[in-house]
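Respectively, the protein sequence lines represent chains P and R.
For the first sequence, this note's numbering assigns the number 1 to the initial residue and increments by one for each residue that follows.
For the second sequence, this note's numbering assigns the number 1001 to the initial residue and increments by one for each residue that follows.
No wet-lab data here; the hints were simulated from the structure.
Idealized CB from N, CA, C, for every residue including glycine.
Some hints here could point you the wrong way.
Claimed, not checked - DEER-style ranges, computed between Cβ atoms:
{"no.": "1", "chain 1": "P", "residue 1": "ARG121", "chain 2": "R", "residue 2": "CYS1048", "range": "41 to 47 Å"}
{"no.": "2", "chain 1": "P", "residue 1": "GLY301", "chain 2": "R", "residue 2": "ASP1023", "range": "26 to 32 Å"}
{"no.": "3", "chain 1": "R", "residue 1": "ASP1081", "chain 2": "P", "residue 2": "HIS159", "range": "22 to 28 Å"}
{"no.": "4", "chain 1": "R", "residue 1": "PHE1047", "chain 2": "P", "residue 2": "GLY301", "range": "26 to 32 Å"}
{"no.": "5", "chain 1": "P", "residue 1": "SER194", "chain 2": "R", "residue 2": "PRO1083", "range": "22 to 28 Å"}
{"no.": "6", "chain 1": "P", "residue 1": "PRO21", "chain 2": "R", "residue 2": "HIS1024", "range": "34 to 40 Å"}
{"no.": "7", "chain 1": "P", "residue 1": "GLN103", "chain 2": "R", "residue 2": "HIS1024", "range": "53 to 59 Å"}
{"no.": "8", "chain 1": "P", "residue 1": "LYS276", "chain 2": "R", "residue 2": "SER1059", "range": "27 to 33 Å"}
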Amino acid sequence: MNPTARCSIVGIGESAVGKVPDRSALQLQADATTAALTDAGLTIADIDGLITTPVRVEAWNMPCGVVASYLGIRPDYLLTVDLAGASGAAMIHHAAMAIAAGQCTTVLCVAGQNLLSNRSRSHAVKAMAESGAAHPQFEVPYGPLVASNYALIARRHMHEYGTTEEQMAEVAVTMRRHASLNPNAHKRDLISVSDVLKSPMITSPLKILDCALVSDGAAAAIVTSADRARDLRQKPACLLGQGYGLRHSYIGETLNVTSSGAVDSGRKAFAMAGLKHSDIDVAELYDCFTITVIIELEDLGFCKKGEGGAFVQGGRIGLEGELPVTTHGGLLSGGHCGVGGGFFHVLEAVRQIRGSAGARQIGNAETVLVHGNGGTIAIHCTLILGAAAAV
Amino acid sequence: MQTDRPVPAPNPETAPYWKAARDHRLTLPRCLACGKYHFYPRSLCPFCASRSLAWEPCSGRGVVYSYTEVFRAPSPAFAADVPYVVAIVALDEGPHLMTRLVLPGGMSPGIGQPVEVLYEDLDDELSLPRFRATQP
């Protein structure tokens, strides 16, 4: 049996998300940590492992050491996970591995920063464009935004499969509807397909409303063994399976931009969990751009290659749909604080499994897929979380 | 050229590419074992792991694989260029690369459009390969 399946998420917490001008990156992470500890009924003294990610707003040597020291943790195990947008999902897997290997018992995973308020939205856009997602010698000099790298994917997907701008807009509209029911979401005003299509063109075919937000915020989750989880106050969310995938690093050099390593990460996660697609009640998919969700639905096997555009139409990925997707509003509307952005998807999966997602709750959801995507559909981490450990 | 514009910083591995580009020649690493071209440059063939590689001249011709018209520059250094077309070109030799598209006479970009290389001289030391559409 997969030894990490004996590990559970037992506490979750979020800082304020959106424009939070009065908090530093570490303060936001501390806010999320305190909320997660309270949620779990644990204290900082119970934490013996610490996992975090890099931030962009400050220069941190060894981020895991900076965060552990700031929080007053003297961990038996610590790690900085740097898989860009896939880091959130991967932190949970690494926590489970450390616990399964006996390195520690209770791991705090925390990430986030004041990406919006530290300097400005424009500064964040420039920093991300030059952060290495595009090749510094062979791509950056031509002036692509991070969004341009995804626009190249979207344009090719439209060419190969007939995907339309209206279909991509459906993803943005759905995320905003979900965010409208999430009290901590950055953007909560409803939008229509027409609003998306009429919003300013950034890098064709992507409009501003096809693009993730830039937000302040942090999220934290506490992972422990299933045995310990039984004595804690929250219904645990168990890690049933996970997988990684990578097929390229840079979008300019890969020979196929319309499929990704999500094919591999998804296949491995389903195999490890011993589950099939019809077992998944909710899919918390990484949504840095609208096209990302369409490609993930295809590559993870929820529909055939090329059918992702049709799949997102007709309310199918909404709360009442056959596969509710990214029920907290995601990066498009919930908020995107950089590398930690995808971690909010994990927290929402835990809420769905607990039945505590409020107006966003999907019936008695038991099994939730979480997908993280880093770089330009480059690094993928898929988790399958469930109400009962596959023991 | 604006001084804050990001420009390539050649390293020992990529210097031959940029040196050739300065002379307005496009070169690609080619594996002497399996015969395949690759790009971006590596010190081993990504297809067969051979370390027997050579820089070879390439045709400078290909087709547009995908493109995006950029309306919002990533930084002030590119603001004067807006709107501009960033593209991925599939070279006749096989590899893909990112570039900027030059569209003569109001031509619109399109996938599958034939293109050929031309050069933007950034300064005496650096020239950036771009691609020009040769027919709609």
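Okay, the hints, checked on the actual structure:
1. Between ARG121 of chain P and CYS1048 of chain R the beta carbon distance is about 45 Å. The supplied range of 41 to 47 Å therefore holds.
2. Range check, GLY301 of chain P to ASP1023 of chain R: about 49 Å between beta-carbon atoms, so the 26 to 32 Å window is missed.
3. Distance hint for ASP1081 of chain R and HIS159 of chain P: a CB-CB separation of about 25 Å, consistent with the stated range 22 to 28 Å.
4. Evaluation of the 26 to 32 Å hint for PHE1047 of chain R and GLY301 of chain P yields a pass: the beta carbon distance comes to about 27 Å.
5. For the pair SER194 of chain P and PRO1083 of chain R, the beta carbons lie near 23 Å from each other, so the given range of 22 to 28 Å is met.
6. Between PRO21 of chain P and HIS1024 of chain R the C-beta distance comes to about 50 Å, which lies outside the given range of 34 to 40 Å.
7. Checked against the given bound of 53 to 59 Å, the beta carbons of GLN103 of chain P and HIS1024 of chain R, roughly 57 Å apart, stay inside it.
8. Under the hint 27 to 33 Å, the C-beta atoms of LYS276 of chain P and SER1059 of chain R, about 48 Å apart, miss the expected range.
Going through the hint list in order, the structure does not satisfy hints 2, 6 and 8.
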